[in-house]
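Undergrad: With the hints as constraints, model all of the structure from the sequences given.
Residue numbers (UniProt numbering), protein chains in the order written: chain Y, 1 to 167; chain S, 1 to 167.
None of these hints come from the bench; they were simulated from the model.
Glycine included, every Cβ here is placed at the ideal spot set by N, Cα and C.
Some clues are possibly wrong.
What the hints assert, rightly or not - Derived contacts from chain S toward chain Y, CB cut-off under 10 Å, selection only: (1) S4; (2) K5; (3) L13; (4) K28; (5) P30; (6) P46; (7) G47; (8) A115; (9) L134; (10) R136; (11) V148; (12) R150; (13) C157; (14) V162.
Protein chains: 2
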Amino acid sequence: MADSKIENVIGALALAFADTLQRDAQAKAPEPGPAASAITLIGHVPGLSIERLRRALSLSHSGTVRLVDRLVAEGLAARFSAPDDHRAVALRLTPLGETTCSAILAARQTGLASALAVLSSEELQEFGKLAAKLLRGLVSTEDHAYRVCRLCNYTACLDCPVEAELA
Amino acid sequence: MADSKIENVIGALALAFADTLQRDAQAKAPEPGPAASAITLIGHVPGLSIERLRRALSLSHSGTVRLVDRLVAEGLAARFSAPDDHRAVALRLTPLGETTCSAILAARQTGLASALAVLSSEELQEFGKLAAKLLRGLVSTEDHAYRVCRLCNYTACLDCPVEAELA
DNA sequence: AAAAATATATGCTCGGAGCATATACATCAA
DNA sequence: TTGATGTATATGCTCCGAGCATATATTTTT
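TA: Written out as structure tokens, the structure is:
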């Protein structure tokens with residue numbers, strides 16, 4: 001099999017996976033777009049600032065502020081003043097936000113698992129090993145790491161290759 | 001390695017790959033969003049109708065019509081009446097559109113190749129084999145196939161697993 | 001031939017996203 | 001301490017893509 005063909009197949013698979021991942025996640029979010037990622041990120045990093053969120057989501061500053069406005073209006077998140085830097089906002093999920101976050105992660109997990117079900121256990125292990133190697137090669141900065149892991153279920157990702165690469 | 005962790009890693013990798021893929025592709029397109037996919041799809045399927053394009057891009061009808069309006073206004077595509085169905089529009093790329101299409105595919109290819117460079121040749125073969133198996137399991141309808149392959153370089157994808165699955 | 005379905009086009013409105021700007025706080029220099 | 005610069009957040013303004021509802025043309029079905 002020629003390399004260019006392999007690259008094509010991998011690219012198509014990545015698009016397909018990312019599509020279903022985002023579709024499943026967004027279906028449980030209050031609105032389409034980056035809201036689902038914002039919720040899971042805040043859920044994983046309580047006290048996250050708007051600026052870090054902005055970089056993780058690759059949005060403009062005002063876009064991020066408005067997104068947070070909407071999340072707060074929906075009762076999913078709340079603003080606190082950051083203890084260490086009084087300019088910054090510390091974002092946290094409300095109990096309702098936590099529930100939504102769990103629903104998003106569960107939906108994402110279900111979709112992924114069913115897409116991977118065609119692989120045998122050995123194949124899944126092998127695929128995961130190579131995926132981890134690729135992931136380590138991709139992530140360089142902390143901002144990029146937040147971006148890549150924006151829909152991850154962190155409780156399931158102890159010993160994450162992204163963290164390993166940054167450390 | 002627990003399955004849930006493997007799924008997490010694979011999901012993150014898919015997001016990361018899809019991100020760079022779309023970023024690289026959109027950088028060569030006249031506008032962000034689905035324009036890059038529209039151009040490569042029309043490039044691969046000359047005579048494509050707006051309705052098929054709509055389904056491949058998961059847009060509304062009016063959104064697709066307006067997108068095509070813009071592509072035509074930019075001189076990248078042209079509308080013809082379809083020979084078999086006089087209701088339908090047959091879309092084709094102009095020479096300028098072909099150039100843009102090639103640039104998009106080349107940028108996508110470059111980004112993918114560099115992301116995959118950390119794998120050895122054997123690992124790449126193995127990863128591609130498993131990716132092809134996953135892809136075959138994912139694609140069911142022809143519309144979905146167009147969607148999955150919306151940024152593929154079709155000339156590099158002879159004997160594509162998606163086509164194999166549909167046949 | 002009439003009715004239903006399909007493909008495209010367009011007026012209208014909504015809402016998310018960015019730009020420019022304003023304010024508050026932090027940090028560094030003198 | 002004070003002043004200057006940089007950083008974090010907020011908001012008025014505008015633009016533009018996206019969907020809804022509707023209209024028209026063509027094909028298919030009855």
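Undergrad: All the hints need checking, so say for each whether the structure fits it.
TA: We went through each hint and held it up to the structure:
1. S4: Holds: closest Cβ of chain Y sits about 4 Å from S:S4, inside 10 Å.
2. K5: With a minimum Cβ separation of about 6 Å from chain Y (threshold 10 Å), the hint on S:K5 holds.
3. L13: Holds - the Cβ of S:L13 comes within 10 Å of chain Y, reaching about 5 Å at its closest.
4. K28: This hint is violated: S:K28 lies away from chain Y, its Cβ roughly 15 Å from the closest one there, beyond 10 Å.
5. P30: Constraint on S:P30 not satisfied, violated at 20 Å.
6. P46: With a minimum Cβ separation of about 20 Å from chain Y (threshold 10 Å), the hint on S:P46 is violated.
7. G47: Where the cut-off is 10 Å and the nearest Cβ of chain Y is about 22 Å from S:G47, the hint is violated.
8. A115: With Cβ-Cβ at 6 Å, under 10 Å, it holds.
9. L134: At 6 Å from the nearest chain Y Cβ, S:L134 passes the 10 Å test, so the hint holds.
10. R136: 8 Å, holds
11. V148: Because about 5 Å separates S:V148 from the closest Cβ in chain Y, which is inside the 10 Å limit, the hint holds.
12. R150: 7 Å, holds
13. C157: Since the shortest Cβ distance to chain Y is 5 Å, the answer is holds.
14. V162: 7 Å, holds
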